[in-house]
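Going down the list, the sequences are from chains A, B, C and D.
Residues are numbered in the working numbering as their position in the first sequence, beginning at 1, plus a constant of 58.
Residues are numbered in the working numbering as their position in the second sequence, beginning at 1, plus a constant of 19.
Residues are numbered in the working numbering as their position in the third sequence, beginning at 1, plus a constant of 17.
Residues are numbered in the working numbering as their position in the fourth sequence, beginning at 1, plus a constant of 10.
Just so you know, these hints were derived from the structure itself, not from any lab.
Computed from a predicted structure; not experimentally measured.
Hints are not guaranteed to be accurate.
[What the hints assert, rightly or not] Derived DSBU-like pairs (lysine-lysine); straight-line CA-CA distance at most 35 Å:
id, chain 1, residue 1, chain 2, residue 2
1, C, Lys-171, B, Lys-168
2, D, Lys-406, B, Lys-84
3, C, Lys-214, A, Lys-128
4, A, Lys-146, C, Lys-270
5, A, Lys-147, B, Lys-118
6, D, Lys-77, B, Lys-183
7, A, Lys-92, B, Lys-162
8, C, Lys-208, A, Lys-74
9, C, Lys-54, A, Lys-102
10, A, Lys-74, C, Lys-309
11, B, Lys-143, C, Lys-290
12, D, Lys-396, A, Lys-67
13, A, Lys-60, B, Lys-168
14, C, Lys-270, A, Lys-102
15, D, Lys-404, B, Lys-84
16, C, Lys-272, C, Lys-309
17, B, Lys-192, D, Lys-32
18, B, Lys-143, C, Lys-272
19, B, Lys-168, A, Lys-147
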Amino acid sequence: MKIEIKSMKDLPMLPKTLETTIGVYNTGAWRSAKPILHEDKCNKCYICWKFCPEPCIRIKDDKGNEITPKIDYFYCKGCGICANECPKKAIEMVMEA
Amino acid sequence: MIEIRFHGRGGQGAVIASNILADAAFREGMEVQAFPYFGVERRGAPVTAFTRIDTKPIRIRSEIKEPNIVVVLDESLLSAVNVTNGLKPNGLVLINTAKNPEDFKHLKAKIATVDAKSIAVNNKLGSKTAPIVNTAILGAFAKATGLVKLETVMECARDGTPVKKDENANAVKEAYEQTKM
Amino acid sequence: MGKLTIPEEEYMLEGHMGCLGCGGTLAMRYLLKGLGKDTILSIPACCWAIMMGSFPYTNLKVPMHNSAFEVTGAAISGIEAALKVKGKEHINVVGFAGDGGTIDIGFQALSGCVERGHNVFYVCYDNEAYMNTGIQRSGSTPVGAWTTTTPVGKTGDWKKAPKKNAVEIMVAHKIPYTATASVAYPEDYIKKVLKGKETKGPKYYQVLSPCPTGWKYPPEKTVEIGRLAVQTCIYPLYEVVNGRYNITFKPAKKKPVKEYFELQGRFRHLPEKVIEEIQQSVDKDWEILQRKVEMTKDL
Amino acid sequence: MSTTSIEKTEKHTTTTKTGVKKVMHGNYAASYGAKVARAEVIAAYPITPQSQVVEKIAEFTSSGEMKAQYIKVESEQSAMAALITASQTGARTFTATSAHGLTLMHELLMWASGARLPIVMVNVNRAMAPPWSVWAEHTDSIAQRDTGWMQFYCETSQEILDTIIQCYKVCEQEDIMLPALINEDAFYLSHTVEPVEVPHQELVDKYLPPFNPKPELTLNPDHPAVFGSLSKPDEWYPEFRWMIHEAMERAKKRIKDADSEFGKIFGRSYGGLLDLYKCDDAEVVLMCAGTLASTTREAIDELRNEGKKVGLARIRTFRPFPVEDIRALAEKVQAIGVMDRCFTFGYEGPFFTEVKGALYHANNKPKLKGYITGMGGRDVDVQLVKKIFADMYKVKDGKQDAETVWVDLKADVNNMNAWLKVR
C-alpha cells in the first residue's frame, strides 16, 4: 500500500522495495474502454479470471464463497482479453466517458 | 517565449503532437524546442510533453513549470492529473472534448474545445477504442492560439506522421473549423 | 481448487506497469502459480525490470534480484550455490528474462549455467524482439517480421534470418528438462513447471508471450494469438526430458499460418509468395519434431 | 504581447548555403552525423535512451540512402569488438550506446586505443544501476577516463552532428589515430527536438577526406603482419603507451584547428576544448559539461542584467583535458565553481578534481569550489544555477564553508533541496 518517504532518513540502507503495488498505482486510469460483465449470461466458468493479465477479476467474496466474477476497476486497464475469451460473450467492452 | 504542455496517454500521440507543433513553428521562422516528460511510457498511462516557441534560440534545458498553454488530448485525464498546475495567469487550456468551453469554468482559465476524438475516428486515425487525436488537436491549437497557420500545421502533420498522411492533414483542417472558444 | 484448472493463489499482484494485454505478465503470473512462495527470481534488463513498479513498490510476492542484461545465467548460478551452502535447497531459483536477454546478449551466461548443471529454472518470456527499448529485432524475431531495425520500407527489409531455436540449443547441452509453453495454454505451462520442480539440474522454458505494442494488434487478442501460434504449429507445445521428445498438445486441425499473420500488423506487408514459403518451413519443422518424438520415444 | 501570442520574425528558409535545417531529436542528429561522415561499418545494439540512433541508421542502410554495412550485433561488447576489426581492416566505423552498454564495452575500449584505431562513438550519458535509471548523468563516460579515448561533451544536438564530422577529421590523421567518445545527455538532447542543420554532403566531403590508413597498418594480405603481439617488460610496451600520450597531446591543437576550419565552412564552431562565454571580464566563472551549460548561459544573462560579472567555461573535451586553457582562464578570474553531474565515491566530483589538479601549477590560483548536481537526471533549472553563482560570490569574498557541496538533495522533511557538505 502507499507509503510516503519524506526524506533520506526514511530510505532503507540499500535500494530495495518496501511495499507492494496494492492500492498504489491506479492503473485503471489507463483504460479507454471498460469491460462490463452481464451476470445473466455468466456461467461462472472463471475463464476471464484465468486470462486476466493484471490480475484484477475477483472470484470469491471475503468469506471465501464463489461469486460471479467482479472486475476491480481501480486496476483494470481495459485490455479486453476477458471479453475476447469469454465463451458466453457475457463481457461487453464499453467506451469510457 | 511561449511554453506549451501537452497531456495525453501513451499511444495517443502526445509526444508526436509536441514535435509536429515545434516543426510547424520552425517552418514559420520560430526558434523551437520539444521534449517528452522523461518517464517510462506505457500504452494508456498518462504522458506529458512540452513545446517551447521563441524568437531567439532556446537554451533552457529543464521542464516547463509555468506553461502559457495546456493541451489536453484525453478528457479523462482531467480527473487523474491537475492539468492547470502552474498555468500562467489568463493562460489557455485546449481540451479534446465533445462538451463546450462553458462546461470547464472550474478550471479558471481561457478554454477552447474540439471533439478531436470523433474527428480522429471519422478519419480512421488509430482504432475506435484507441483513436489517435494528436493531429486533430493541433488543428484546434492553430485556431485557438493563432501561433501557427492552418496550412503549416497540415503540411507538418503530413510529414510528421508515418502513415495515413492525407487523413491526418484532413483531421487538422476539420478540427480547425470545429474549434469552440 | 474447485472448477479452477490452475492454482488459485496469486504471487503476481495487480497495479503493475505492463501495457494493456501484455503477454509477459501472464508468463510471470502462471510461472509463480506453479512455483509458489519459496522462489527467488533474477531478472535482467527487459520489460519485466520495470513492470513490477518503481521504487519503493513491487507487484511480486517473491524476492527478486535486478541484474545486468547479459548475466542471468551467472546470477542464478550464484543464488543456487549460496542456497546450497546455506542448506536451503528447497527454494526455487529462477532466471526470468526476455528473448534478447536470453538468446542474444545473455546466451553465454545461460550456456555456462546449463553446462555446469546448476539446479535452477530459466524461463524466457519470448515476445520476439527488444520491446523495452522500443521494438528492435532480436535473434528471436521470426522470419518476415517488421521491427524498427528491420523496417521493411520499400526494399522489403523484414527479418530474413531465422528465429534462433533456444530449446534445441538447450537439448544440445544435454539439459535434463526443457519445454516450450504459451500463455494461451496455462494448464500445459504450469504442468511443465511442476514437472520441473521434480527434476534436479537445469530446466529451460521458452514461453510465447504476445506483445500488442510490438506485434501491432489490439490488446484483447493476446490470448487468441497465443493460441493460434500453437494451432498453426508455428510455436508447437512440447518438452524434452533427458533427450526424449514429447509433444504436449496436438492441434485437432492444423491451421494455416496466414490466419496467425492476418491478426498482426508486423506481418501485414508480407507478399503471398513469402507467406507460402514460411508455411512450408513451418510444415517441415513440424514434421521434424514429430519424427524426433518417434525417434526418441523408447530411449 | 498577451500570454499566448508572439511577434513573428520573417520566415527563414530551411535550406541554407551550408545545409538543410530540420527539427529533429539529438539521437537523429547522431544518425545524420554518421551518414554525412560516410561511416562504412556500423555495429550497434539497442539501449534506452539511444535506440532511435540505431533505428534511424537501420532506415538509412535499409533504404540504401546510406552505403554502409550495419551489423545488428547481440551485445555492446560485440559491437566494439566488431568495430575494432572493421577499423583495423581500413573501414570508417561508427556506433552509439549508453550507460550499461558503454560499461560492457570497457575492456574493448582499451583495445581500440591500444590498437590505435580511430573509431567514433556517440554515448548517451545515462545514470548507472542499481537502482535502474534512464536519466542524465556523466558517471558512465567518466568511468572510461583511462581507456585512451578522447572524450567530447555536447551542449546541443547540432554540436553532436558537427562533432562526429570533426572527430573523424582529427582521429584519422596519421599521427593521431585514436578513438573518440562523443557524449550527449540522456533525454535533454537524445529525446529533445530542436532545429538541426544537416550539412550539404559535398561540403562535408570537402572538409572530411575518406579514411585511407597506410595499407601496411591494416589487416591486408599484401602486408602480412600480426597486430598486438606480446611485448615483454624490457621491450617496447611502455613506449607504445608513451606514443598514445604524444598523440593525445598533439590532438589538443588538431581539435581546435578542426573546430575553426569547420567554422570557416559551416559558420559554426564550439570553442575547441574549453568553450568560454562572457569570461573576459568575469570575476566568477562556473565550469561544467553538456546541457548544464545551456541553463548556465540563461542564468548568466539574467545575472549580467543585475550587474554581476559572471561567466561560463564549458568543458567540451574531458580527454585531452584542456589544462593550458584552464590555466589561462585562471589568470583573470577570482573564483571558479565546477558543477559535476557525477561523483567519485570516496572523494569528490571528477571534473572538479581535474580542474583543481590542473591549477596546482598555475601562476594564479583562483578560489575553487565543487558542486554535485543533477544526479540521476534530476532537473537543474536557472534558479538553482543562480543560487550556485550567489554561493560562489561568497567564496570569492573569502567566505567558503566547504570544498564541495552536493546540492538539491531531499535530506529530510523540512529540507527537501538540501546542500550537504561533501568536504
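_Broken hints, by number_ = 10, 13, 19
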